[in-house]
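Chemist: Sequences listed follow chains B and P, in order.
For the numbering used here, count along the first sequence from 1 and bump the result up by 3.
Each step along the second sequence adds one to the number in the numbering used here, with nothing skipped, and position 244 is 243.
Bear in mind the hints are in silico, worked out from the structure with no lab data behind them.
Be aware that one or more of the hints could be misleading.
[Stated by the list, open to error] Only part of the chain B face toward chain P is listed, based on derived beta-carbon distances under 7 Å:
| no. | residue |
| --- | --- |
| 1 | A69 |
| 2 | P101 |
| 3 | N368 |
| 4 | R401 |
From the three backbone atoms N, C-alpha and C, an ideal C-beta is built for every residue, glycine too.
So you can see what is in the structure, the chains are spelled out below.
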Amino acid sequence: MLGKERARKILEEAISYSTSEETEVHITGGKHWLTRFANNYIHQNVVQKDYSITARLIEGKKVGIASSNVFHDEYLKDAILKAQEVLRNQIDDPHIVPLSPPGEYKEIKNAYDAKTMEFTPRQSAEEVEHVIKKCKKNDLIAAGTLSLGDNVVTLMNSKGTFVYHAWTDVGFTLTTINSEGGTGYSDYYGTGIDEIDVENLTDIAIKKALLNKNQIELPPGEYPVILEEKAVASLILFLSSLGFGALSHQEGRSFMKADSKITGENITIIDDAYKKETLGLPFDFEGVPRQKVTLIENGIATGLVYDMKTAHKGNVVSTGHALPPPSTRGPFPLNLSLLPGNISKEDIIQNTDRAILVTRFWYDNVVDPKKTIVTGLTRDGIYLVEGGKITTAVKNMRYNNSVLEALSHVSYISNKLKSIKKYGLTIACPAIKIDKFKFSGLSA
Amino acid sequence: MDRKLAELALEIAQSEKADYCDVRVIRIMSEAIDVKNGSIDGVKRETDVGMGIRVLFDGAWGFAGNPDLKPNKVEIAARRALEIARASARLRTDKVKLAPAKRIEDKWISPRVIDPFEVSLEEKIEFLLKADKEMRKVKDIKITTGHMDFRKECKIFLNSEGTFIEQDILHTGSGISAMAVNDQEMQVRSFPSSFRGQFKTEGYELIKKLNLEENACRIAEEACALLSAKQCPEGLRTIILGQSQLALQVHESCGHPTELDRVLGSEANYAGMSFLTLDKLNNFQYGSEQVNIVVDATCPGGLGMFGYDDEGVPAQCKYLIKNGILVEYLTSRETAPVINKLSNGTMRADGWNNLPLIRMTNINLLPGNISYEDLIESTDDGILLCDNRSWSIDDKRLNFQFGTEIGWKIKKGKIAGIVKNPTYTGITPEFWNSCDAISDKNSWDIWGTPNCGKGQPPQTARVGHGVSYARFRNVKVGVGYAG
Ligand SMILES: [Zn+2]
Chain B
4 MLGKERARKI LEEAISYSTS EETEVHITGG KHWLTRFANN YIHQNVVQKD YSITARLIEG
64 KKVGIASSNV FHDEYLKDAI LKAQEVLRNQ IDDPHIVPLS PPGEYKEIKN AYDAKTMEFT
124 PRQSAEEVEH VIKKCKKNDL IAAGTLSLGD NVVTLMNSKG TFVYHAWTDV GFTLTTINSE
184 GGTGYSDYYG TGIDEIDVEN LTDIAIKKAL LNKNQIELPP GEYPVILEEK AVASLILFLS
244 SLGFGALSHQ EGRSFMKADS KITGENITII DDAYKKETLG LPFDFEGVPR QKVTLIENGI
304 ATGLVYDMKT AHKGNVVSTG HALPPPSTRG PFPLNLSLLP GNISKEDIIQ NTDRAILVTR
364 FWYDNVVDPK KTIVTGLTRD GIYLVEGGKI TTAVKNMRYN NSVLEALSHV SYISNKLKSI
424 KKYGLTIACP AIKIDKFKFS GLSA
Chain P
0 MDRKLAELAL EIAQSEKADY CDVRVIRIMS EAIDVKNGSI DGVKRETDVG MGIRVLFDGA
60 WGFAGNPDLK PNKVEIAARR ALEIARASAR LRTDKVKLAP AKRIEDKWIS PRVIDPFEVS
120 LEEKIEFLLK ADKEMRKVKD IKITTGHMDF RKECKIFLNS EGTFIEQDIL HTGSGISAMA
180 VNDQEMQVRS FPSSFRGQFK TEGYELIKKL NLEENACRIA EEACALLSAK QCPEGLRTII
240 LGQSQLALQV HESCGHPTEL DRVLGSEANY AGMSFLTLDK LNNFQYGSEQ VNIVVDATCP
300 GGLGMFGYDD EGVPAQCKYL IKNGILVEYL TSRETAPVIN KLSNGTMRAD GWNNLPLIRM
360 TNINLLPGNI SYEDLIESTD DGILLCDNRS WSIDDKRLNF QFGTEIGWKI KKGKIAGIVK
420 NPTYTGITPE FWNSCDAISD KNSWDIWGTP NCGKGQPPQT ARVGHGVSYA RFRNVKVGVG
480 YAG
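All chains, please: the whole structure from these sequences, using the hints.
Modeler: Dropping the structure here:
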């Protein structure tokens, strides 16, 4: 892995090649192993390694950006020269802001688990073997992944900023398929290989698939639903792209209306890279320390995330949420949590007279950005809860709902957060019960 | 130099008694230009170089991606691929066997007239800004954007069966969009299609043919008009899909479900499986008799065009759906034997750091025999839906829902005003069986989809869809905004 001192040397050297007024260089990359299985055997098994350097050069009102994954030895200079070439041929950008001066940030401890990177392909295969054996015993077909890797993000600029963060990540996903084609699912995302409780996760997916037989068809319409954590994360995810970033707000695209009530009072959503369920980068891609931001507090729209450009425009300071340049989508929250309530998931089910329990959603997409209408489908097990108990499996359905409206009808929030990774975001969610949720059609 | 290193990797695999090995060395150069509201939003050039080594050992696969093109690093990567294959072999039930493929030595270069990397950045930016200026002349337009994307992929492929192929593939893309915003909503119009525009396997000459500036004012006016337009009504309707929306419809509801790896369960944990199960081959009425769909990697301009796939199998054109019947799947050397065939050449990898998967090339809906004008004229009451805004389909590829930027009402054979926020939903075979007319080759073009996702780790493929306009009866419209 690219260590801190070696990173510092490369970045210093890169900056020394630039003749521009301001120079910012960052490196991202790492090594990842992924063992993938389906039909009860390993069908794909890969190791990937890559690092890429990106230079952003500023001169007057011109910017040049270039990136390259070849930057060892003599190629390092090339990478900088490419950015210089872009800059020379560039036209003025009237909205340009200067690079960030150094800022203080707190290190994120325990983000790197050395033991994880010692795990061998053979050990991965053994874990998978165990999962498959258990599934076979239950007459189920298993498909899934076991992945692990290390990551580095480091950035330096000509104003003296130097930031570095390294971390490991692991993931386990399991789909179980019964003889009727009904499926179950479980997953885990975290930092170290020892955190993955393969035994328990396999049991969850097995139980779900075994329950997912003799599905009944329910007519489309409005139902109370209990959404498990992963399903909740699918909905929350859209809020980040539709309106938590300052750019969308400044352009009038966001659903966020400052200090107005936009969801039920029991909803609080924060972005925090230091929270243990949503560990992230302690700085952003402009080298600015990342702040904790409360986006929705007790149902009121309270905050947005900023990068340097949107902060300049909004006359505030950056919250440290810049994406890599050229960040055309603006700032973005990458470490979201929907804060937990005080009842267990089991008790939510027990307190429910009638509702549909959803394991997860699939292929969710935005229908209307400003109204936060999202569509998608249920997947890997939906069940009818009656009289506090799961009574039968239900055929998959398509939903169309406004996320904000759904979050205005939440009657229960579970007390445990689960971390979910999707599209580069880490989202921690509880399970929730929504009293009104619209299903618009039947699915496979 | 690249060839020598690839041969080194091959030698190591062979000396360790691998059943099969292939090596790809890839050099990718790309440029993305974004303008917004009359100025630059971002310009970025990217270089990406590396080697992918795929090894079959004792009937099981291993893969290593390696960015360091030095002999000692190549050796480490080759041994890693072997180590991984050995680990995979512990759990295999049947040994992987590959369908035979011809030994090939060839060089293939995609057609182009002007190399975009030889065109000055200034010229490109000016070109986009001209269109941008036209859009901003329209009052109430809040956000205007313009994009250009260029990508040149030079790759060599060699395998342990003696095949050696060099390819040089050039992609060009460009488009503009205008957004009108008020307190309640926002409306977007794009040209020539949404999500960064049109993409083809061509050079800079594509940009000159697109007529961005000429269409800029029109789409800006349409975006504004949509703000005060009527909501698309709910109910069962006759719809006509515009080209780029029909392209995505083909992509999601025909391209993906005919991928044989999906059918066989390889993607069960992520992308999902397929309703087009093996028992349906040659006897399933996928669509009406008008519906003819081919997989065609040879189609000029198609974003999925190449000389050879990433297993070294030559580009081909095959019927997937013939007169409405399912007759073929997209296959690889590993999967084709399941249906007693040879690979039809659809194994494609996203760069050097990923292993090849079955991917679409160009999935084309063949033109019908009615002119576009007659198609509209023969429609008594319907909606023409253009330019995708949202898409979603289930993991078996049956239940889909799409939204488009605009709907044009058709009354008594004439276009009669617009509706906003159109959405439509259906079940794949019911939908394609309700297709009663497809317009002819004069209104046929091939559309690029540069962002098709599949696999774990996730890969992005660049694929094409040749389409004209097609009419569908009794389609459920307006569901996204119902209630
Ligand atoms: Zn796709």
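Chemist: If you check each hint against the structure, which ones fail?
Modeler: 2
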